[in-house]
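**Student:** If you want the building blocks of each chain, they are given just below.
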Amino acid sequence: MAISGVLRPSFIQIRVLDMPAAIDYYTKRIGFHQVCEGPDGRVYLKSADEFDHHSLVLRRADSAGIDMMAFKCLEDADLDRFEKRVTEYGFAVDHVKAGEMPGAGRRIGFTIASGHRIELLAKSDMSAPHPRTHNPDVWDVEPHGMRARRFDHALLYGPDIEKNLDFFTKVLDFRCAERVDMPDGLLAIWLTCGMKAHDIAFVKYPEPNKLHHIAFDLESWNDVGHAADILTRYDISIDIGPTRHGITRGQTIYFFDPSGNRCEVFAGGYTYYPDLPTRTWDEQQVGKGIFYYERKMNDAFLTVVT
Amino acid sequence: MAPRRFQITLEGHGVASAYENERVLVALERAQGFGQLKNMPRRLPVGCRRGGCGICRVRVESGEYRADAMSRAHVTPHDEAEGVVLSCCIYPLSDLSLRLETPVAVKAKGERALQPV
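If you're matching them up, the sequences are chains A and B in order.
Just so we're aligned, residue 1 is where the first sequence starts under this note's numbering, counting upward by one.
Just so we're aligned, residue 307 is where the second sequence starts under this note's numbering, counting upward by one.
Just chain B, with the same shape it has in the complex:
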C-alpha cells in the first residue's frame, strides 16, 4: 500500500509534501530542491557563473567595476546603465556595495517552475 502523504507548512516559507515513512527533514530538503521553500535564510543565488542564466543579478549601489558580456535576456542596456548586472560577470575596480535583485526570468513569470502542492 502506498504511504500516506501529508503537507508540512514551514511558516513564512512555504509548504512541503512529506510521506509517513520518511523524516520530515528529508521532505524539506526535497522541497528546497523543488523550489517550494521561499525566503530561506539567505543563500547566495548561484547558477551558471558565466552570464547566461541571470540568477545572480545584483544592483551595484556604489563603486567601480568592469564587466564581461552578459545575456541581454537578463540585463538590458537600461539595467546596465543603472548598475543592475550579473554578479558573475563583474570585476571590482574599487570597493563595491551590492544589493541582490530579482532575476528577470522569475520576475516576468511571476511563479517558479513548481508551485507548492
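Same shape as in the complex, but just chain A:
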C-alpha cells in the first residue's frame, strides 16, 4: 500500500452554544446524519458516504471553537510508532481508551505548537448509514441538504506555525502542498497526508487554538451552487462565495454554523502526489490565492475565528 501511516482526517470535535440548533443545522442543512448521543451529551454525526462511526463531534459549551482534530492511521501499530516519534520530538503524548467515544478505538493525543490538540486513532466501527460494499449504488440513503460527502479538512489559526510545519512533516510524514510567505515570514501552510491538496492547514495568528473553518466535501461545482441556494433559503450566515481558491483550486463557500463556527463546502481541488513540489505564494498575489475570483482577502479572513 503506497499510502500508510497517517491516512486522512478522521473526525473533528467542535463546541456549540445551542445543541438542538447545531444538530438541526448539521443534519438538515449540511446533510449529515446523527449517529448517536454519548452518555456525556456529546453528539456524533457523519455523512452517509462515510464508513467510519463518526466524522463530526459536537460538544455543548459556553464558547464556540475547536476541541480537537483526529486523524486515522492504517494500523494499530502506527499509534505506537507515532507515539515514539512524537515523544522524541518533545511533545507529551496522552492516551484515550477505546470506547471513550462511541465506536472509536484507542487514541493518542498531543498538543502542537499552535495550541491545537491533535489525536491519532487506527480503529473505528462502521455505523449506519454507510455505503454498501457489495454491488454498491452511488448512494444508499438519498443525499439531502447540501449533500456533504465527508468531513474533508480544517483550517486552524495559531502562533508558531513554522513549528507546526516542522512537526507535521518530520514526525507525522505530512507534506506541504502550498505555502504563503510574507516579507516578515511564513503566513500560512497547507499540509497533506494523502492525495488531497490539503488535509489540514494553518494560518499564523497571535492567539492559540483557534478555528477558522471546518470543511465538507461536495461532489461538484453544481452542488456548491445548490449549497448557496440552501444558505439563502434558510438564512444561514454567509462569509463569502460561491467562489474559488487559487490555493488548492477548490470551489467553495464560507458560512457560519448557528454558534458562529465557520464552515466551508468544498468541491474539486487538485490531486497531490508526494513527489510534487510545494507551490508558493507571495504578498503581492496572496489575495488571488485565497479568493481567486475576488483577488483579495475579505475583512473576515484573517480576523474572524472561534
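Incorrect hints may appear among the rest.
As the list claims (entries may be wrong) - Derived pair list, reagent style EDC-like, types lysine to aspartate or glutamate, alpha-carbon separation capped at 16 Å:
{"#": "1", "chain 1": "A", "residue 1": "97", "chain 2": "A", "residue 2": "125"}
{"#": "2", "chain 1": "A", "residue 1": "170", "chain 2": "A", "residue 2": "88"}
{"#": "3", "chain 1": "A", "residue 1": "288", "chain 2": "A", "residue 2": "299"}
{"#": "4", "chain 1": "A", "residue 1": "296", "chain 2": "B", "residue 2": "335"}
{"#": "5", "chain 1": "A", "residue 1": "296", "chain 2": "B", "residue 2": "328"}
{"#": "6", "chain 1": "A", "residue 1": "163", "chain 2": "A", "residue 2": "173"}
{"#": "7", "chain 1": "A", "residue 1": "288", "chain 2": "B", "residue 2": "335"}
{"#": "8", "chain 1": "A", "residue 1": "72", "chain 2": "A", "residue 2": "83"}
{"#": "9", "chain 1": "A", "residue 1": "296", "chain 2": "A", "residue 2": "275"}
{"#": "10", "chain 1": "A", "residue 1": "72", "chain 2": "A", "residue 2": "173"}
{"#": "11", "chain 1": "A", "residue 1": "288", "chain 2": "B", "residue 2": "328"}
{"#": "12", "chain 1": "B", "residue 1": "344", "chain 2": "A", "residue 2": "299"}
{"#": "13", "chain 1": "A", "residue 1": "296", "chain 2": "A", "residue 2": "283"}
{"#": "14", "chain 1": "B", "residue 1": "344", "chain 2": "B", "residue 2": "317"}
{"#": "15", "chain 1": "A", "residue 1": "163", "chain 2": "A", "residue 2": "283"}
Note that these hints are calculated values from the structure, not bench results.
Use these hints to put chain B onto chain A, whose structure you have.
**Tutor:** Using the frame of chain A, we list chain B on its own:
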C-alpha cells in the same frame, strides 16, 4: 527581476506595502485585507453573525432587548449585566442606543494578526 517594494503611509491609519508594478489603490485594498489600516471611515464590524467570534461587541447605552446565547469567551456574565453584548445576538424590545466596543480577543492580544511591515 522582482519588482521593487515600497511603503505607503496612509496618515492616521497605517502603513501598506506596494510594489512598483501595481496601482497604489490595489495595495491599499490588500492592506485593508491584512488589517494593516486602522480607524478607516467606520465600517460595521461583521463576523460570524451567530455569537461565536465576538467581532460585533456593543454596549447598549439604553433600551430593552432580548438575547440569544453568545460566547463567554467574548461576553462575560459581568459584561452582559452591564449591557455589553454581541449585536448579532440581541433583538430589540424598544428603541436602543448602542456604542461599538472593542472585541475582547483584539483587546487581550493588544495586536492584530499582522502588524504593518
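**Student:** Flag every earlier hint the structure violates by its number, smallest first.
**Tutor:** 9, 15
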